[in-house]
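Asker: Chain residues, written in single-letter form:
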Amino acid sequence: MREITFSQATLEAMDEEMSRDETVFVMGEDIARQGGIFGQFKGLPQKFGFDRVKDTPITETAIVGAGVGAALAGMRPVVDMHFADFMGVCMDEIFNQMAKIHYMFGGQKTVPVVLRAPDGLINQAAAQHSQSLEAWFMHVPGLKVVIPSNPADAKGLLKSAIRDDNPVLFFEHKALFRMSGPVPEEEYLTPIGKAKVVREGKDVTLVSYSLCFNTCLKAAEMLDKEGISVECVDLRTISPIDKNTILESVAKTTRLAVVHEAVKQGGVGAEISAIVAEEAIDYLDAPIVRVGAPFTPVPFAKPLEQAYRITPEKVADAIRKMF
Amino acid sequence: MREITFSQATLEAMDEEMSRDETVFVMGEDIARQGGIFGQFKGLPQKFGFDRVKDTPITETAIVGAGVGAALAGMRPVVDMHFADFMGVCMDEIFNQMAKIHYMFGGQKTVPVVLRAPDGLINQAAAQHSQSLEAWFMHVPGLKVVIPSNPADAKGLLKSAIRDDNPVLFFEHKALFRMSGPVPEEEYLTPIGKAKVVREGKDVTLVSYSLCFNTCLKAAEMLDKEGISVECVDLRTISPIDKNTILESVAKTTRLAVVHEAVKQGGVGAEISAIVAEEAIDYLDAPIVRVGAPFTPVPFAKPLEQAYRITPEKVADAIRKMF
Amino acid sequence: MCAKPVRKKSPTSIRNYDKDLLKSFYETMMKIRYFEQNIQEKFLAGEIPGFVHVYIGEEATGTGIMTNLRSDDYIQTTHRGHGHTIAKGAELKRMMAEIYGKKPGFCKGKGGSMHIADFSVGMLGANGVVGGGYTLATGAALATRMLGKDQVTVVFFGDGASNRGTFHEAANMAAAWDLPILFVCENNQWASTTPYRTTTSVEDIADRAQGYGMPGVIVDGNDVFAVYETARKLIEDIRKGSGPALLECKTYRIGGHFVGDPEMYRTKEEVQKVFKENDPISRFEERVLDEKVMTREELDQIKEKVLKEVDEAVEFARQAPEPDPSELYQDLYV
Amino acid sequence: MCAKPVRKKSPTSIRNYDKDLLKSFYETMMKIRYFEQNIQEKFLAGEIPGFVHVYIGEEATGTGIMTNLRSDDYIQTTHRGHGHTIAKGAELKRMMAEIYGKKPGFCKGKGGSMHIADFSVGMLGANGVVGGGYTLATGAALATRMLGKDQVTVVFFGDGASNRGTFHEAANMAAAWDLPILFVCENNQWASTTPYRTTTSVEDIADRAQGYGMPGVIVDGNDVFAVYETARKLIEDIRKGSGPALLECKTYRIGGHFVGDPEMYRTKEEVQKVFKENDPISRFEERVLDEKVMTREELDQIKEKVLKEVDEAVEFARQAPEPDPSELYQDLYV
Ligand SMILES: Cc1ncc(C[n+]2csc(CCOP(=O)(O)OP(=O)(O)O)c2C)c(N)n1
Ligand SMILES: Cc1ncc(C[n+]2csc(CCOP(=O)(O)OP(=O)(O)O)c2C)c(N)n1
Ligand SMILES: [Mg+2]
Ligand SMILES: [Mg+2]
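Here the protein sequences come in this chain order: C, G, L and B. Residues in the first sequence are numbered consecutively from 1, following my numbering. Residues in the second sequence are numbered consecutively from 324, following my numbering. Residues in the third sequence are numbered consecutively from 647, following my numbering. Residues in the fourth sequence are numbered consecutively from 981, following my numbering.
This is chain C alone, in the form it adopts within the complex (with noise of 0.2 Å):
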C-alpha cells in the first residue's frame, strides 16, 4: 500500500468530505495563508476558495461558538484549534453549549461539528504548548472523543467526525505529523467507537492511543525479546470508550497496563482501569499499571523534558514489574 504522512492523511480526509459535502467548511489561525502549521492544510483554500478555508481572528470563542451557530444553521463546520493548550479559553463553548445542545433542547437539533486539536510534546515548546487534555473531554457527555495513532486511523476517524452529527473533537498529536504510514488508495472510513487490537500477546494487555500507542509498541517488541507477549490494544476513541475489546482482551492475558501522555492523576487511564477494577477484576493476576506524564506542567528545558516524556524504555520497566 502507498504510504503518506499523518498530515497528508488529514488533508485527503477534509479533501474528499469537503467535495463531497458543500456544507463542510473549515476555519482557524492561520490555516489558510501558509496552510497549518502542521501543512495540514494546505493548498485546500486554492481549491475550495478562501471563504470555506477561512483564516479567523484570534478569538478562540468566537472560532467555536460560531462552529455551533453555524451547525445550528445548516453548516457542518471543522474549528482548528491551533494548539489544544488553547482549548481552556473556549471551554465554555465547548461543554456548556457545543455539548449540551441536543440534549438540552431536547434533541431538536443536531451540532455536527469537529474540533481538531493539535496536541503532545514537541520541540521543548513548554507548558502551555505541549499539553494532552483529553481527559477532560471524556468527562463531558454530548461528545465523541477521537483520538488516532497513525495515518490510517487519522483519515478514516476524520471522514468519520465529519460526517458524524454529534460534536467530535478530534485530537492529533503533533508530533505524529510527519509521521509516514500506509493509507489505502480507495475511500474508508474508520468507525468512532471502535478500539482495535494492533498487535495480539497473550501475557499483558497495553491499553494505550496517540503518539503514545507507538510507543508501547516499540516497548512490545522489546518486551517480546524477553519473552514477555504483549496485547497492544489502540484505542481509537476515547469516549465513547470501547470496552469490549478492552475486556475481552483483558480476559484472554490477564494483566492490564494503561499509557497515555497525558498526566497520570486523573487521565484516561484512570477510567480505563477503573473499568476493568469494576468489571473485570477476576480476570486479573497482577495490579492494574498506569504509565503517564508525572503530575507537573510540561518543563522547558531538555533533561527535564526527557525526564517528563513516556518512553519505550519506562513503559517496558513499568510492564516488567508486573511479572
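FYI, nobody ran anything at the bench for these hints, they're computed from the structure.
The following label-pair restraints were derived from C-beta to C-beta distances:
| no. | chain 1 | residue 1 | chain 2 | residue 2 | range |
| --- | --- | --- | --- | --- | --- |
| 1 | B | ASP1291 | C | GLU313 | 38 to 48 Å |
| 2 | C | GLY49 | B | ASP1217 | 44 to 54 Å |
| 3 | C | SER180 | G | GLU602 | 36 to 46 Å |
| 4 | B | ASP1241 | G | ASP338 | 48 to 58 Å |
| 5 | B | GLU1249 | C | ARG2 | 38 to 48 Å |
Which stretches of chain C does chain B cover? Using the computed rule of at least three CB atoms under 8 Å from a CB of chain B, they are:
| no. | region |
| --- | --- |
| 6 | 290 to 296 |
| 7 | 300 to 308 |
Cβ coordinates follow ideal geometry from the N, Cα and C atoms, glycine included.
Position chains G, L and B with the ligands against the provided structure of chain C, taking the given hints into account.
Answerer: Positioned in the frame of chain C, the structure of chains G, L and B with the ligands alone reads:
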C-alpha cells in the same frame, strides 16, 4: 458544640482571615450588595468595605485573571465563581495561568488565590447551573482542590486555603449552604490533603466527598441494619489525594466503593479506583464499584432530575451487590 | 470622522401606522406581559420549578424588533428569553409546557425556562451562560451568508453581558467578515443585584460599536414605535449586506432578577416610579388612544383574547404529562 | 463630544534631550537588537530550542515606554517579550540562560523564551497564551491600588491579541475601577501569518478605547522619541490617578513570526522595504546625527559595549549547567 450553617461557617472563615490579614480580599459577581446567592458574604462589605468585598463585572476571565495578577503583586485574593458551571469561561486563566505560574517561572512567585465555586444539583437548575466539575482540576498539576461535606470542614478548609501559598479551588455544594452542623468556637484549621474516616466499619470502604458524602452516611445506616458494616471516608481534598487513608481503609475492609455526584465516566471515582487497583488490588475481595451520575447533561424536569440524582438507595443498592 | 452612536427618536406621529401592525404590537406585548405574570404567580405557588427570569417592563424592545423579522430569520436569546421567544412566534402551549418541565415542551422538559429553544421559528436558544449567545449567533449569520440566504440574525444581550469577552470576539468577527447580524443590548440598568454603571465603564453601551467599525444606535427601549422603526432600518440594511450593527435599547427591569428575588439592592419606590412613568404597555395604550389610532374596545378585545390564550397555555402545561424517567437517556447522541 | 483617538507626533526637535537619556535609548535598542540577532543565529544553529519570537524592528516601542517606568512598576508581556524584558532591566546573562534552558536562567530552565519572567525588575511574565496577560496585569494594577502604592502597570499586546475577549474584559474592569494601567498595543501589522486588517475590524485599534471611556492614543512605534514622550504623559497621568489608557504603537514585524518561519505569506521585498525605510534604530541614528546631539563615535562606543555584553550573555548561557532531571519535581507546590 454550637451548630451553625455551612454558609455561616464559610462566612466566619472569611471574616477571621480578612481580619487577620489585610491583604485578603474577595471579589465576584453579586456578592457585596446582596451578600451572595447563598448568604455566604453577608455583612462582609459592611465590616471590611466595598473595596475588599468587590462586586465585579460579569467577566470570569477578568475576575480570575485579576485574582492571579493581584496575587503576583502581593495580595491574597479570594475569587467567587458564582456557580462552578462558569469555570469553563475562565478555564485558561485557571489551568494555563494560575496553576502553572509558580512552576513555569521556576518558583519565583507564589500564587495565593482561592477560587470558591458553588457546584452541584439544586432546585431543577438544569444543564448549565447544576454541574460538578471537580475531576477536571485534579488533572491539573499546580492546583489544590478542596471539597468539604459539612460546616466544620468548610470553615477549617477555607481558612487553610486562604493561608495556602498555592492556588486552591474550593468547591462548595449549593445544597450544603443551608446545612447545619457543629463548628468549634475557637479558631482551628483543617489540613488540606487529609481525608477523614468519619464512620468506621469493617465490610466495605465507601469513599466520597461533598454533599454525596452525606448521602453515603445515610446509605451506611441503611446497610448497617442489614448487617453490612460500612466505613465512610470523606476525601475532603481531591488533589493532592490522601492515598494512605484510602489504602489503609481498604486493607481493613477489602472492598471499595466510590461515590460522587459528577458523571461517572472520567470522574474522581476513576482515579480512586485506579489507585487502589494499582496499589492494593490484592486486598480486594470484590470488584471496585463506582456510583456517579449518568452520562448525560443535567435534565430539567423533576422525574428526570430525580432519576439523575445520587440517592442513599442507589448507593446502598450498589453496595449490596458487592456481597 | 466622529462616530458617536446615533440617538433615535420616537416617530412624531403614528397616524399612518397600519391598524394590523398596531394590533400586533399590542397583542405581542400583552401576550408577553400576561405570560410572565402567570409565570411569576405559578412559580411562587410552587408549580413552576427552576430559575425563572421574567421580561416584564421590557416588552416593547422584543416586540419592536421581532416585528421586523421573517420567520426564517434567527434570534439568539438569554436567560431572560420568554419575551423574545413569544415575539418570534413560538407556540405558547409548548413553551409553557417546557417551563413546567413537561413532555410536550419544546425541549421535552429537558431544558426549562433557561433553555427554551424553538428552532421551528428560528429561535436558536436561550442561554444559561450570560454572554454565551453572541458567538453562536455570529456563526448562524456566517452560515446564512455561506448558504447564500438573505436571513438576518439578531442576538439579544443585557447590560451586564455587554462586558463579557465573547461580545468583543463576536463583534469583531462579525464586523471583520461583514456578517448579517444585529447586536441588541437591552440595557435594563441592572445586572442581577448590580447597577450596571458600577461595573460597566461607559454610560452608553452603544459607544462600543465604534471600536468594531459598526454603527451604534441608541433608542428608548420602552417605546415600541421607536424600537420598531429604528430596528426596521437597521435590519433592512443588514439584509442588504451592510454588515453588523449594534442597537442599544434603554429599558428597565421591573421584576426582580429572578422570580423570588428579595431585591435587597434597590428600593420598591425606585421600581414603582419607573413602572408608573415608563411602562411600555401603558405608554403604548396612552399614545394610541391619544392619537386616536386605536380605541379602548380594540385594546380590550386584544387583551381578552391574549388572556385566554395564556390561560389555555397554562392549563395545557398543567395537564401535560411529565417525561418518563427513562427519557433521561434519550437525545444525548444522534 | 467626539472621542476619536489622538495621533501624537514626533517632537519637532530633540536638541534639549539629556545626553544620558539619548544614550540609554540607543543602548537599550541596540541591546535588544543584538540580543535578538544572536537568538536567531543560535536558534538556527540548533543551540536554542523551543519556539522563539523575536522583537526585531519594534525596539523603539519597548524602549520608549519602559524608559518612563520605575523599577517597581510592573509590566506584563507576550510571546514576543525579550525586548520588553531587556528594556525593563533584566540581567542579560540569566535571561539568555533561560532561553537556552539552563539552570541559572530566571526560571531555572523551566520556562524558556515564551515563559520568561523576572519578578525582581517587575516583569510579571511573558505568556504563551495570546491575550493571556491583560487580566493578570489588571489584577496587578488593582493590587497596587489596594496596597496604596503609586506603581503603574503596563501590559503589552499585539494587533492579533487585540481581538481576544480578555482585552475587553480587562479594559472594562480597569476603566470601571479606574485602575493605574496602560494598555499598549504593538500593532506590527501581522498576527502570525495573517495581515491584521483581514481579521481585525478596525484600522486603528486605539478606536476601541472609546468603548471603555478611556483615552486612546496613536503613535509611530518606530520613533523612540514620539513613543517616549507620548508614554511619559500617559504614565504620569495614570500614576496620578487618571485611570487607564490605551496606546497604539504602529510598528512592523521585521522577522518571521517565529525564528525559522518560512514566511510564505508575504514577500521578502515588503519586509526589506520596511526595514530599509523604517528601521527604528537607523532612524534614531540618522536623527541624532542629523540634529547633532550625538556623534558617530558615541554611537559606536555604545554598540561595542552592548556587543560585548550580549556576547558574554551568550557565553554564560552556553557554559551554564543544565538543570538536573530531579528538578522536574521542584517548584510545583510551595
Ligand atoms: C457566565 C455567567 N456568569 C454569571 C452568571 C450569573 N448571572 C445570571 S444572569 C446575571 C445578570 C445578567 O445581567 P444582564 O446581562 O444585564 O441581563 P438581565 O438579567 O438584566 O436581563 C448573572 C450575573 C451566568 N449565568 N453566566
Ligand atoms: C490563545 C492563543 N491562540 C493562538 C495562539 C497562537 N499564536 C501565537 S502568536 C500568534 C499571533 C499573535 O499575533 P499578535 O498578537 O499580533 O502578536 P505578534 O506575534 O505580532 O507580536 C498566534 C495566533 C496562542 N499562542 N494563544
Ligand atoms: Mg441587565
Ligand atoms: Mg502582530
